[in-house]
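**Q** Protein sequence lines correspond, in order, to chains S and A. Per my numbering, the very first residue in the first sequence carries number 1; after that it's consecutive. Per my numbering, the very first residue in the second sequence carries number 1001; after that it's consecutive.
Hints may contain errors.
To be verified - In silico EDC-like pairs for lysine to aspartate or glutamate, Cα to Cα no more than 20 Å straight-line:
#: 1; chain 1: S; residue 1: 575; chain 2: S; residue 2: 116
#: 2; chain 1: S; residue 1: 748; chain 2: S; residue 2: 471
#: 3; chain 1: A; residue 1: 1134; chain 2: S; residue 2: 681
#: 4; chain 1: S; residue 1: 337; chain 2: S; residue 2: 300
#: 5; chain 1: S; residue 1: 712; chain 2: A; residue 2: 1122
#: 6; chain 1: S; residue 1: 623; chain 2: A; residue 2: 1116
#: 7; chain 1: S; residue 1: 712; chain 2: A; residue 2: 1181
Read the hints as simulated data drawn from the structure, not as lab findings.
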Amino acid sequence: MTKPTGDAGVDTVEGGYRDKWSWDQVTFGTHCLNCLASCPYRVYVKDGEVIFEEPAALFEQVNPNVPDMNPMACQKGSAWSQQLDGPDRLKYPMRRVGERGEGKWERISWDEALQEVAESIVEAIDMEGPESVVFEETVEGGLLTQAAYLRFASLIGAVTLDAQGLINDFPAGHHITFGKFSCASSQDDTFNAEVILIWHSNPAYTSIPYAHFITEARYNGSSVVTIAPDYSASAVISDQYLPIKAGTDAAFALAMCQVMVEENIFNRDFVISQTDLPLLVNTSTRRFLRGNDLDEDSPEDQFYWWDTDSDAMVEAPRVSLQVEGVSPALEGTWTVKILDGSEIEVTTVWELMKTRLQDYTPELAEPICGVNPDSIRQLARQIAEKRTKIVEGFNTPKYFHGDLMERAMILVLALSGNWGRKGTGIQGLALAGLDGYQIFGMKQERGVNETARIMDGIDGAMDQLREMSPDSTEEMLGTELLLRGIAAGTASPPAFFHYYHCGYEETWNNAAWQDPAMKRPFDDYLQDAVRRGWWGGLVKPGPGTDPTVFISVATNPIRRQRGGSAGLLETLWPKLEKIVVVENRMSSTALQADIVLPAAMQYERKNLQYAITHSFNLGFSDKAVEPQGEAKTEWEIFHLLSQKVAEVAEEEDCVEYLDGRRQPRSLEALGDQFTAQGNFEDEEVIIEEWIADSVEAGTLPRGASLTTLREKGAVRFTGLGLFAPGLSLATDVKPDEPVTAFTWHVEKGVPFPTLTRRAQFLIDHPWFAEADEDIVRHKNPPQMGGDYPLLLTSGHSRWTVHASAMGNKVLAETHRAEPLIVLSLVDAKERGIEDGDLVGMRNDRGSAKLRAKVTGRVRPGQAIVYNGWEPHMFENWQGPNQVEPGMVKWLHLVSRYGHLRYVPFGWQPVPADRAVYIEVEKIAS
Amino acid sequence: MFVYSLDGLEIDGDLANDIEIEDNEITARSGVYQVLGQIFSVPDGTDHELAVEGKWPEKLREAASLLAFDFDFGVAALASSVSAEDYQAEYLRLFEIGDGDGCPAPIYGGLYTGGDRRKQMEEVARFFEYFGLKTSKEDKRPPDHLATEFEFMQYLAFKEAASPSPRLGGSFHRAQEDFLERQLISWLDEFAAKLAAADALPVYIWASRTAAEFVKADLQYLQS
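Same shape as in the complex, but just chain S (with noise of 0.2 Å):
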């Protein structure tokens, strides 16, 4: 301890305040967790310790007349230094010496954790094939910590476990809709809404960095109306609050757009345009009419109208959105002769959709959703008039019917004119491309000749592409060139890893937990889609091979694993001969594993956050201090262990394999290859290296450098990218203005990434005409859990991002940081419980114990678990995720329908978590 000093040498309580608050170096730092907002803040470091940090508050206003981004900055992103020494801090490698999960550890030296690490890999490579060994993917850490562990499981042909499938961020229902799920217009647009929908979210809690713009919308004369079964945080900054049954929002929005279309307010001209709605179907069969159905030279994506100017059918046009020298029909039936020569009746999927909502008339949604007749029309007509955006966070896609809400509401914006110009849209996730990471993966050298290499490869394959498909936009290029990568990629759909390994097989099939619709049980339609090959080459590691070796980076799915973590501690833990887990922190399933190894956390190693648009800028974390013990950064852990494996792989003689398939690799120069034979061995180059190619590439500005990133701490994005997620913002971005997805769609009639290249309404394949889901309706959460009484929600926690700064005890002590239930006072009431109770939750899954939290601001039936409690928090680690069966809705197993089909981070089986029946008893203390 030093004695405080004042300025002049002499001892003083001044100058004890004074040299508390001095430092000797100040660096940017954000934080790469999985908020994405990548809040820029200064870092302030003393005597090698990072002794505070502060909000940024950097970024300039990019339009006089939009509020800036500032500060970007939360509670939890203020406290991430109390973290670096944390008494959950990793420190050292360690390995299991006890049972697993035991909690007995030793700590052993890298090379010995590397070693064993190593043996293992090399092992299960011999002897089940590199397959064997499967990555968890994380969107947590940063792009160095991805890069780290994607490069390695690529070079030795491992399987990596698609991310969206683990957290099911994913709304199906935005990619069943626009052919893609990432299109949210960056967060300053928000400010240009005239009505603002807080539906599905709780920015107040869940997006702090950017909750301003929703109240400077509200001065600027915005109305902002939440759309929710609690009243939430976010409730009490909006003018109007609608309560409404948890899981009926499909209901609801489909309410409004009757009334729209009852009172003939909605925008005919964008219907016609921009949505499949328009285009002739089969009266008999729903499906709509194709090219080849009328004549066998015709596409089979080939689409119609029915041209009322001159009374005949013609020919939607596939190469733009917009309508000209043609004034096509919403309603009526007509007859056409097709190729056989029979004459079949047609009307329009307008039609189909009219018969539909006419079971929701705000009457008869009333009762299904719970919110007067009298909100849902004078919120329909605000719609139809205002410019509306729909605040919408990754709620929707944790429901079982998610999909169909998430049509339902893009229908009201449908119907409304509601995407494509400013303040409107659906503000969910938007990722942009970040061109020198998607490079990256491809060099082999540094430098800008490699990259025109790549790029004129990349240019050429497009050509290619655009001459077998000449009419395709460029987002569908984009898109076919990313799919044609997988196949020779690591990615697997997890969902069928869960189902195949860990024991997820009889939940899945349980008929009373799924949707009534389903005509067969759940494997059926499992085995049915395998067998036709709609998942072929993904479904990995297959039915006949063991995982061996399973590797957690940057990610818990002990904690976070639908369906809870029995499947994986009973099933496939088992089955596993090492689990290696590379974290910050003695999380949960760092608990459960082999061998533990220490990564550097951010302030303590250099990084890049994900690119995504909210902010529309990239952030940057620099080196601040040196990492608390023996902690390595993920690039510096992967290259040893690449190093070491070679070393094993000679030593074992299993230097040659082939790989899933059948391809020969060689373990040989596996460390050189890492490094690209020394070329990215320290992470400041490559990072400069991401930042020159996007440069190159047009994503960020000329001129942008490292030293840029450390002058200023983030750079705005000047394009989308040439990669299929950054392009699905389908915008031009502009210097002075917000960004605005979609007007490609709108101003320039470019065609969405879908089967009809529209906004498509009716998914005509047979699973989902046989789910009577092919056009939306409103489907009750299936009886999830069994039959009782609370219907358990979730949602993201105020004072922690998943389970990241659960270990801080700053933040610990603004919240009463134990595992909580809320529940409505007449629940509490009814079972006798009071706040702060002990109770127990349980269903026909499983059960939990934890306080309770009662309040009025939850609406009796409904319970909610926030989402971030670590399970070691709970008596014999059984936490919430113990009652949610994790369930999978069978109609995502399709695939090969038009934009129905894999896309990595995209369409794929994703579970659900929320909306499971439950039963909630006090426990007497």
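Could you slot chain A onto chain S? The hints should help.
**A** For chain A alone, kept in the frame of chain S given last:
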């Protein structure tokens, strides 16, 4: 035929160093930067001869014969009374060592642009590396040395001219713009002013003013 040559920089990797291409407006620019790099290198006997005979402007004009924009390189010669030894001593006094009272006009860009010079040198070195060069192990000039920066411009322009693909050519073209903007233009005016105030040999005052004006004219051309 134009052949570029490097002293302070080396090709990193196996890229050919001896490509010859037909002269054109781009190689003309490369040639001018080549001569400017020579002028600001530590002078040897040959350089002294060229300076005394007033050949530097002439060499610049020769190199610039196919230049796409007009530029007046002026006239300058070193007084014959200045020996080769004194010429080199003056170079070191002005640019590298000083005269006991600091260096009148340091020849390192990182000392002009403010901020941390080490970081700036790192940035310049990475810029070199990204475009296929590294600083010479033999010459050991820092990457922000004026002669090295001119050599880099010489190389970039040549690579643009010799580029096998429009994309790569575009990359080298943009790199020249960025390097001029972020590096040379940001400090050459101040460098020239310091030389003028330092009672420097007129040939160096001429050279620094010419260089400062040329990079501005060249950027305008590149951006046109």
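**Q** Run the distance test for residue 712 of chain S versus residue 1181 of chain A: straight-line Cα separation, threshold 20 Å.
**A** 18 Å, holds
**Q** Straight-line Cα separation of residue 748 of chain S and residue 471 of chain S no greater than 20 Å?
**A** 15 Å, holds
**Q** When you check the alpha-carbon spacing of residue 575 of chain S and residue 116 of chain S, does it fall within 20 Å?
**A** Holds, at about 18 Å.
**Q** Take the C-alpha atoms of residue 337 of chain S and residue 300 of chain S, compute the straight-line distance between them, and say whether it is at most 20 Å.
**A** Holds. Residue 337 of chain S to residue 300 of chain S sits at ~17 Å (cutoff 20 Å).
**Q** Checking one constraint from the list: CA of residue 1134 of chain A to CA of residue 681 of chain S, max 20 Å. Satisfied?
**A** 17 Å, holds
**Q** Compare the distance between the alpha carbons of residue 712 of chain S and residue 1122 of chain A with 20 Å, and conclude whether the hinted pair is satisfied.
**A** 17 Å, holds
**Q** CA of residue 623 of chain S to CA of residue 1116 of chain A, is that 20 Å or under?
**A** 17 Å, holds
Comparing the model with each earlier hint shows no violations; every hint is respected.
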